[in-house]
Structure formats: structure tokens, C-alpha cells
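Protein chains: 2
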Amino acid sequence: MPLGERGGWESSESMYCGVETDFSDDVPSLLSFHISTGGFDYVLAPLVCFFHYYYFPLDSSLSLTSLFALRLQMNPSYRPSLVEANGSSDTQALPVSGSDLVLAPSQWSSHVVGKVSSWIDLDSEDEVLRMDSETTLKQEIAWATHLSLQACLLPTPKGTSCANYARCVNQILQGLGNLQLWLRVPLVKSDGDSMDATSEGLNDSWELWNSFRLLCEHDSKLSVALDVMSNLPSESSLGRWMGESVRAAIISTDSFLTNARGYPCLSKRHQKLIAGFFDHAVQVVVSGKLVHNLQRASDSNAEGTQRHPLRSYLDYVAYLFQKMEPLPEQERIELGYRDFLQAPLQPLMDNLEAQTYETFERDSIKYIQYQRAVAKALVDRVPDEKASELTTVLMVVGAGRGPLVRASLQAAEETDRKLKVYAVEKNPNAVVTLHNLVKMEGWEDMVTIISCDMRFWTAPEKADILVSELLGSFGDNELSPECLDGAQRFLKPDGISIPSSYTSFIQPVTASKLYNDVKAHKDLAHFETPYVVKLHSVARLAPSQPVFTFAHPNFSTKANNQRYKKLRFNLPSDAGSALVHGFAGYFDSVLYKDVHLGIEPTTETPNMFSWFPIFFPLRKPVEVHPNFPLEVHFWRCCGSTKVWYEWSVSSPAPSPMHNTNGRSYWVGL
Amino acid sequence: MPLGERGGWESSESMYCGVETDFSDDVPSLLSFHISTGGFDYVLAPLVCFFHYYYFPLDSSLSLTSLFALRLQMNPSYRPSLVEANGSSDTQALPVSGSDLVLAPSQWSSHVVGKVSSWIDLDSEDEVLRMDSETTLKQEIAWATHLSLQACLLPTPKGTSCANYARCVNQILQGLGNLQLWLRVPLVKSDGDSMDATSEGLNDSWELWNSFRLLCEHDSKLSVALDVMSNLPSESSLGRWMGESVRAAIISTDSFLTNARGYPCLSKRHQKLIAGFFDHAVQVVVSGKLVHNLQRASDSNAEGTQRHPLRSYLDYVAYLFQKMEPLPEQERIELGYRDFLQAPLQPLMDNLEAQTYETFERDSIKYIQYQRAVAKALVDRVPDEKASELTTVLMVVGAGRGPLVRASLQAAEETDRKLKVYAVEKNPNAVVTLHNLVKMEGWEDMVTIISCDMRFWTAPEKADILVSELLGSFGDNELSPECLDGAQRFLKPDGISIPSSYTSFIQPVTASKLYNDVKAHKDLAHFETPYVVKLHSVARLAPSQPVFTFAHPNFSTKANNQRYKKLRFNLPSDAGSALVHGFAGYFDSVLYKDVHLGIEPTTETPNMFSWFPIFFPLRKPVEVHPNFPLEVHFWRCCGSTKVWYEWSVSSPAPSPMHNTNGRSYWVGL
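Protein chains in written order, with my numbering: chain A, -7 to 661; chain B, -7 to 661.
Calculated from the structure, these hints are not laboratory results. Quick caveat, the model's predicted, so the values are computed rather than measured. Each hint should be verified, as a subset may be incorrect.
What the hints assert, rightly or not - Lysine to any residue pairs mimicking SDA-like chemistry, simulated, CA-CA at most 25 Å apart: (1) B/Lys558 with A/Gln166; (2) A/Lys558 with B/Lys558; (3) A/Lys612 with B/Ala645; (4) B/Lys550 with A/Ser116; (5) A/Lys511 with B/Lys550; (6) A/Lys511 with B/Tyr657; (7) A/Lys511 with B/Lys612; (8) B/Lys634 with A/Leu168; (9) A/Lys558 with B/Val120.
As the list claims (entries may be wrong) - Partial list, derived from the structure: chain A residues whose beta carbon lies under 7 Å from chain B: (10) Arg159; (11) Gln166; (12) Leu168; (13) Leu207; (14) Cys630; (15) Ser640; (16) Pro646.
As the list claims (entries may be wrong) - Just a sample of chain A residues kept apart from chain B, beta carbon distances all over 12 Å, derived: (17) Val120; (18) Asn162; (19) Asp211; (20) Tyr255; (21) Pro336.
Even for Gly, the Cβ is constructed at its ideal location relative to N, Cα and C.
Here chain A stands alone, though its shape is the one from the complex:
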């Protein structure tokens, strides 16, 4: 039974809640108790409940019945070599069949997550324990695969070293079908600095996870299950996990507080964290014993039936989910785009399709901003006393199907200024729609349509105002600078360009899903391409910083559109280390004076949906730390037929140059 609905809205993603259980040799009863009685969606139970290998002499005359009896006596902390040491050396492993039949296949996959024996220690100094651990791990995962479980929980590495554990898991991952592996990691980070080369011991569990996944080469079937403790580390340290592949949050009953009525509840910080997990599709698992005794007596009295001891914890988790704010409508529309990589548009080389125009034209906030900007420019250009005699010449370059023509005419009407509009558009398909619009609206006297590329048009007169919307998610990435350089030939020397300037921004992000999606292509080109993407499962590691700025018009003879920017990002001092998978990119544009438009998170124009951010990946993720700032370089390079970006990291460790000579990604002129 899912956790109900979030804020009363119909949600596309239901959330489920599991419960961690101890060893049991009666699996049907285990499920019945926790799922039917308890209301949990699944159990997180030791794999030894479902499966026992054991060793017996080859010449043994044990019957199947006695085998079964032996199985029942099996200790969950059973170790292969302990059995062998007590018996004959001439033994052989034999799986006990039968236990896969106690549940239907669909029950196994929907209601059970298997726990690998927690005693295993593949990095022990004790070689026998190490070998037993490897045998057990491989056997248990093999059985989980046989049962078609969806996921298995791997116990937390015992020390700070995990190389042998990771080697063995990595071997397993190569041949794994659909089974997901969740590495259990406590959510801890001490305030001390972990970069001290002489210190030992775990003070930031993120580092353990990071080592493990780097050794396993970012395998997408390996995720994290976080043990949420009663003490939480700093906000910025928690933030890192939102860009990681976290599948489950295991909350111990010890971490719950008690409310006035004696019921379990969570601290404000815990509530905020859990809400963040819900938002990132992280499953919650309740673990531990009943520690809130008050409600137990009253509940069983009230209902007269046996009540699951952890039911009140589940109810509280469900309550947290249901009281979440409903998603805004635009967010719901865009759910399917979350963390989905798209190639950026190339509107200069390719003509846009009607569907694309349709989408952009619905973005009313954008055109309201343009109308405000044009209105201010008209008033600045023509004083009130001359409003009836002077006609302002306004050219819309890249008019598309006419939304900026409409916004400009409305601005003229609003300010009572006389306007003559040239609508320049290179896409002949859009020009057809534009002609129809002008006819239907009766704008023939005011609007002249020019079917031409603005870079090559010979204008009959010069313009007072040049209006364009040529910006991409990264500002200049759809070649607005090159287009407007061409168009400013027919702008008066004191004319106004709307937009008058625009700036791109980047910030380093942890984005393991995006990284894995890029990596799945198994080639260099996809690592050297920026993507348009609705960023969601992303940790923003530092505030964004400006990269390239272009201002229009620019009549300087020395002007050029090549750019180079070096940026240095500092992580908050209490954040701990983090992995940078790439850079989120945005733009902000000054349309005219105080009227701006943009998607940079701290200044973004609300309710505008024409642009998702851009994502520049790194070929190899870079580990950063508050003591070792990240130094990044971005170049905008211009050739005779194309424009491209190159980027690299020089500190804390140099990366290779990305997209040299635009070999993987470029925008055609």
C-alpha cells in the first residue's frame, strides 16, 4: 500500500515504505505479518531466511527430510569454513531447494528486498574470514538473482578500507541482470577535517561511498541506502546526497522523537530531509524495535486485534508524505523531463518546427517582459510631446510566427507611440504563418514582413530598436552574438538592442544520474557535448558565477565573439568532499534597463518555461573539497563555419581538455 497521495494531488510517483526485519525461517508468516497486518509495502529481510547453503560429507546418507531439519537449525550467522572445520574436508556445497516455492515470483519481486549477511568482512586482516565472506556474498547474491528480487542490501564496509569488498561486488555487478545492489552507509559526517593525511577512521561516510563507487566505476546498478541517525550532519553535507544515487533511507526507531501524545515524530531537520528524499524518489524503510511504548497499549485496546508494533512509525511517515506541498502545475507537466538529457537546438542551421514555436509562444511571462522592455525603450526614444509626430522604426529579427511583433505593437499602444515594424524571419514556413497573422489582426499598415536571414538582409532604412529572442539556455549558445553582429548594420548608431546584454552562468554539480546516462553511450563525443536538461537529482555545490557577457549593439572594430573565462568555486567549509560530474549552465539577460529575463536560479524569472538549464559533463568526475577549490576554464571559440565551447578543470587536479577544436559538439553558422 503506497504512502497515500502527496498534498492531495494525483502523483505520478507513488512512494512506498519498507520495514527491516530479523532472521525468520517462516517466510510466508513474515510477509503476512509485516505487509498484511503492518501495512508496510515490503520487507528488508536477511537472505539467509530464504536460502541456506551448507556443507555435508559427500558420502552422507542424510535424507531430504534431515536436510530440511538441518536447515531449520541453521544459524543466521553461519559461516562456511566453520562448518567445514568441524566436519570432513571432503565436502561439497549444495543449495537447499524448495524455499523459492514458498512465495509466488511476483511476491518475491514486489515485497522482498534481501539483506546480505552483515557479518561479512571482505577487508579483514583474517584471510579465512575474508574468504568465507566472499563465498557467502557471492552465494547470497546468486540466490537473490534466482528469486528475481529487485534489490539487495549490502552491509556497510567494516573499516575505512573497502577495496577487496569493492573488487568482489564489481565482479558480481558485471553479470547482474535486473538486481540492484544498495550499499548500506550510515549518514554521518563529523565536523573535523578529513583531508588531514595522517588521520584515520570514518568521519565522513560519503567518502566511503565515493571510494566504493569509484572502484566499481560508477556502475549504475550500485546505489546507496542511507542509515538515518538521530544526529544529522550539516545542511551542506546533506545536500551532496541529492545528486547521488540514493535508493533508500533506513530510519531507526531510535531516531524518532516522542510527541505530546506519546507518538513517534521526527525533528524539523529530519522532516526536511525526509521531504527531500520523497522528492527524489528515495524509499523509506523503518528499522528497529518499538521504542514508543505509550501508544502500544492504547492501540491494542482500541482495536482489539494485534497491531503491528511499528505501525505508528509507518503512519507518521505516511503523514509526512501526505502533508507535502502539491507540485505546481508547470512542475507536473515537466515531470517527464526531469534529468532527461536533450541535445540543444540549432535554430540557425535548422528551421524550428511548428510544435516548437507553439510551446515557446505559450510562455506568456517572457512576452510580458519583452513588452515592458519595448515600452520603456519607446518612451526613452520619443518624449511625450513628440509622440504624435515621430514614428519609431522597430525591427524584429527572428520574428518566428510573430509573438514579439505582437508584444511590440502592444507596447506601442500602451505608451501611445507610433510604430513601424519590420519582421525579419529566415524560416519560410514561419513566414507563411506570419503573413496570416498580420492579415487577421489587420496590421498591414504597421508591419512589413521580410523573408530573409538577418545577417544578409539589405534594409531600406535604419532601425531605432532591434528586438530579438535568439538566446539559448547558456545565453550565447544559439549564436545570438553572431546574428546580432550581422543585424546591427541596420541599427542607427544611437539605436537600442533588446536584449541589450546577456550573461551565461555555471555552477559545479553532483549529478550521478546524468553522468551515467552520458557514460552509457560509451564514446568520447557524448562527454564533450552540453545537454539541455531539467535538472532535478542534482546537488548544487557552490553558487553559480558569470561566464561570458555580450552587449549589443557593439560597433567597436576590435570586438570579437571569442571568450575565455577562468572561475574558482569554493565549497562551504562544512560540506565535506563531493564529486563534480559537470556544470549546470544558465543565462540572465538584460532586455532593457531594469527589465531582465533569465533562468539563473537566484534571479530567475518566475513561471517561465522556455528554457531548461544546460549541463556540461566532465569526462572524469573530479573530487573537490572545501580546502581545495575547484578551478574551471571555459572557452567560446569561433571558426569560419562554426562556434563551439571547450572546457577543462585545472585544480584540484587537471582534467583533459574537452571538445578540442569542437571535435564533438559545435553550433553551425
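For chain A, the structure is supplied; the task is to place chain B on it using the hints.
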């Protein structure tokens, strides 16, 4: 004219010496002076000597004559934008043709290395200087390519930051034909620790080189030219460069001392360094002005003709080369194998060829050691008083064409013991030779030949001594453990195995040539394969450490041949940072008691040539530093049909696991 011959031997690699020159507009005279008069092999001269772009108004009426006059007035520190700023904005670049005709094509390529203008600064804060620098760099390299030069010298980056310089060079490298680029770097390292995050400034020039080449992704056309100063950094810091791609050592006349006769000479440490450079095919270039005045007057008096002012420096460099020790004969034979990657043998799966047997059999030292070991074992086994009555049963497993049979019989003769030999060999081709050998030597009474795989042979009696030579460069890598496990079935419980144990060793190395050769294959498999290689251009960064040990016989029922070893390597504290491209591997074997055999550098058996070291590459080189030890993991994994190694680095930063499940490399059983 090469530097003469090394130690009187005919050497396969001649060494040349160049001279660094200033600007000159008369190239033929420049060459005539330095090469014909001076005796140098080539000049390292500014590319502006050979080529001048300059800007002139398009509507200019300048004739070709006046263009030429302009060129002669050209200042070597000429900058494009300075010219433009003084003239019209409507200008265009035009190369002055003609200068490529002053020399024959072969002269350009054999006698000229071009120097890129040293004023360029692509990482300047001054944008105009940056842009001018990029233009100049690209123009000069383009002209050098046109002239078919073999190499160009890039000036030292001006600050500690070099990202924009590297970005531009990396763009150039993509389209470069045969031209090599040498980055000029001063050979400096201060004693201070460069890992202090707050410190700025260059205190270890290796780090500058490392950043530059990482940003250029280890491009094999990018090398180093080291400026050798009068003060040299520590020995271990110098050692790092022997594994780097160093092409030239530029020695300033200021770095020379003066001997008793007033002639230039070098300090002992400089001499040792230069000898190391000669040994690694690093060209020497003399640079600077004559600073040893004494000999000038006397020389010109003596010969009556003009003598080149730097001739005495060249003479001294030639003297250093000629006084080098001649290469030992075995080294000369192996010259062609230096740094050449070979796949390891698989003698268990594949039968060796006659040529291979031939080579190994010539390694007399090896069989002398075996004979010593067998002799000691025979004496231990049979006391003198029983020498005439007891016959020792000795089995040679993997007898090949018989060298161990011969060594064993000689040991018996030497110790006056009675011997019965079984020669077991699975290769039927070798068995034919073996039969002929026994017949020719008249050993029929003593030697029984068994044509069989030792793992499956049913022996008619048990052996006192089992002799084998199944070791690979990494000890167990040719499956000696698995073979001897099978063969020990027919060894008496108190029998002796020769070898009685063997241990593999590894050490981290800088090996940029090997890394680039592996990388050239552009696939994962080659990065996950160990290679047999005669290591030469390699910097050994720390003493080797033992990895896996196997002892024979081993009758324990719990024995198995899987192994796991974690190793920690510390760099010398004064070494500075270094890049680890992989691990050099060796073995040492105890044949019997104090008789050993091995290739581990500190204990290697002299004059033995059957084994080159092994090299385990890293997919991505790891930077290490004395404060951050290198932690490495090696596994020997065993499946039912194959054995393989996996390896990874966990510190200072985790690498991915190499060769998981033996996916890229394995040895068949």
C-alpha cells in the same frame, strides 16, 4: 656531426648536440656559422627568423621590394595588434613568401628546431596580449609545419596557470603531422612542500609540466625540453624525469664551471645527469654566451681562423658522451627490446616454439643455479656414506628440450650421487628433441621420457626431488602453482621441490612511453593487460615490495592459489609529486635453501636474460606525493578454466577496478 662514439663502441643511437641562437634575418649564414664553423648538429632558432606575417592596408600600393624591406626591419618582438593599432583597421594578414626557399627541405628538417616567440603569454590577464599570443603561436607553428621542421620549442608558461596555453596547444596538436612540440620547462624544485593549498608560485616545475600534459591528455607529440640550471634539485626529484618524455636538455653556458686550464666543465652531479640524459636519448643543446674567456684568445691564435665561441662547450659535451662506459653485450643485444611491450607467454595453453627454447637454453647462469640447487638437495637427501647404494628419483616436470635434465645429471656427477630421472613434457615437439638428446648423450639408463601433461600423469613411483622451471616474469603468472599442485601427487611426503618457493614484487613507475603505447590501442582491454617489457625509460618511484608467495610442496587441504595483497608505497620526502602510469613487476625464487634466482632489481641474478620485467598499466595515471602514500591492491583470482589478476589503487584517489572477472586478460588452465 654526432657526438662521436660512446666508450669506443659502435652504438645504435648517435647523440647530437644543438645550439640555441638569437634572431637573425640571414638564415643561410646562421646555419653555416653554427653548423659548419661551430660543429653543432642543429640550431634552435626563433621561428621569426624564417617567417614574418605582417599587416598592411589592403589598398596599399607597396611593391614587393618594399614588402621585403619591411620584413628586414621586422622586430622579433613584433606583435600583430601593435601593428594594427598604429595603422588602418582595414588590414589583412599576408605571409611573406620566399623564406622557405633559402634552405633545401632536408636542411630545414635536419638542422633547424624552431623556437616560438618567447613573449607570448596565453594566460595573461590582459586580453589583448592573450589574443595576440594565440594568433602568433598558431601562425608560427603553421609556418614550422610548412617548412617540415621536426620540432618546435614552446616557451615556458609565464605563471603557474597554463590552461589557456594548453587549450591552444591541444587544438594545434590535433592537426599536427610529424612536428613534435617541446615545452620548455626549467629544471627546478625548491625544498619547500608544494602541497600547501595556500601557497602560490612555481616551486616544482614538474607540476607545471604535469598540468600541461594532463590538459593535453598525454599527447605523444608533446614532450619536454628541460633548462638545466647551475643548481640542481635533489636526486629523487631528478629521477622522476627519466620516465617522462624529455627530448632535450638545454644547458646554459652559465651552468658550466671552469677547470684548471680555464676550459668549461660541469659539476659531478651535472655530469651524472647528462650521462642519464644520453642514456635516455635526450638531446643536449648549448645555450647562452661565451663566459669562459681564457681559451678564446689562445684558440684563435693557434689556428689563425675564426673559431665558434661555443666550440669548447660542444667539445666538453662530446667528451662526456665519449667517456661513457660501453654498453654490456647483453644490453646491446636487448637494445631493440627497450620499452617495447610484449604479451606474456601462455606456455600451458600454447606450445612453445623451437626458437623460444633456443633462447632460454642459452641462459647459462640460470642452469648453473639449478645445478647448484640440485647438488645441495642431493647431498641433503643422501649422506656421503650411502652415496653408492641409494638412488635418488628426480622428476623434471616441464622438461622442454632437456636443459634441466642435463643440469640435474651434472649435479649428480658433481656430488657423486646415483640418480634416476623422469623427464615429463607435454609438448610433443619438444619430446622429439628430448629423445634425440638422450640418445646422443648416452643417458638411456638414467633418463625416462614421459610425453604427458604433468597434471594428469600417473607416475609409476614417487619422486624424491621435483624440478621445474615454470616461472613467468611475475613468478606465478605462467601458472606454476597450478601445475605443481598437480605434480606433487607423485612427490614423496618428505620430497623436495626445486624451486621451493617464489614471490612476486611490484613497484610504482612513471612510464609515459609505455602508457602512450598502451593508450594508442584506444580500448579498455589493453589497459587491463600486463606486458612483458625491457624497462628503460622508466622512473622507479619507490622500492619494490613483495606481493604473492607460493611454496612447494604444499599438502595442506585448505591451500588454494587465490591471493590478495594490499601494498602501501611511500615516495622519498624530497621527490616531489610524480605520476604513476603503472607498476613494474618482478619475481624472486628460492630454488633450494640459499640458492635463489630472480629479477627483482635489488637482488637480481646477474647476467640472466630469460625474463624481462612485467608491466601492469593503470587506465588513468595517478598523481602521488610524499605526503599522500600510494595504496595499491592486487588480486590473483582463480576460475575453473582460467587464472587472472585484478588490480586497483585506493589512495590517494580510488581508481576503477582493473580486469574484473579477467575480462581483458587471463591465463588458461
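A quick look at each hint next to the structure:
A distance of roughly 23 Å separates the Cα atoms of B/Lys558 and A/Gln166; the hinted pair therefore holds under the 25 Å criterion. The suggested pairing of A/Lys558 with B/Lys558 is violated, with an alpha-carbon distance near 40 Å, which exceeds 25 Å. For the suggested pair A/Lys612 and B/Ala645, the alpha carbons sit about 13 Å apart, so the restraint of at most 25 Å is met. Of the supplied pair hints, the one linking B/Lys550 and A/Ser116 holds, its CA atoms being roughly 18 Å apart against a limit of 25 Å.
Pair hint A/Lys511 plus B/Lys550 does not hold up; C-alpha atoms about 43 Å apart against a cutoff of 25 Å. Restraint check for A/Lys511 and B/Tyr657: the C-alpha separation of about 23 Å stays at or below 25 Å, so the hint holds. Of the pairs offered as hints, the one joining A/Lys511 and B/Lys612 holds, with about 16 Å between alpha carbons and a cut-off of 25 Å not exceeded. With a C-alpha separation of about 21 Å, the suggested pairing of B/Lys634 with A/Leu168 holds against the 25 Å cut-off.
A threshold of 25 Å between alpha carbons decides the hint, and for A/Lys558 with B/Val120 the separation of about 16 Å falls inside it, so the pair holds. Taking 7 Å as the C-beta cut-off, the interface hint given for A/Arg159 holds, the closest approach to chain B being about 6 Å. Because the smallest distance between the Cβ of A/Gln166 and any Cβ of chain B comes to about 5 Å, under 7 Å, the interface hint for this residue holds. Hint on A/Leu168 is violated. Least Cβ distance to chain B is approximately 12 Å, over the 7 Å limit.
This hint holds: A/Leu207 has a C-beta 5 Å from the nearest C-beta of chain B, less than the 7 Å allowed. Below 7 Å, beta-carbon pairs count as interface contacts, and A/Cys630 has none with chain B, the closest being about 12 Å; its hint is therefore violated. At about 6 Å, the closest approach between the beta carbon of A/Ser640 and any beta carbon in chain B falls short of 7 Å, and the interface hint on this residue holds. Restraint check, A/Pro646 versus chain B: the minimum CB separation of about 4 Å is within 7 Å; hint holds.
Look at A/Val120: its CB is around 8 Å from the nearest CB on chain B, not clear of 12 Å, so calling it non-interface is violated. Non-interface status of A/Asn162 relative to chain B is broken: a Cβ of that chain comes within 12 Å, the nearest being about 5 Å off. Listed as outside the interface, A/Asp211 is inconsistent with that label: its C-beta sits roughly 10 Å from the nearest C-beta of chain B, within the 12 Å cut-off. The Cβ of A/Tyr255 lies farther than 12 Å from every Cβ of chain B, with a closest approach of about 44 Å, so its non-interface assignment holds.
With a least CB separation of 22 Å from chain B, A/Pro336 remains clear of the 12 Å interface cut-off, as annotated.
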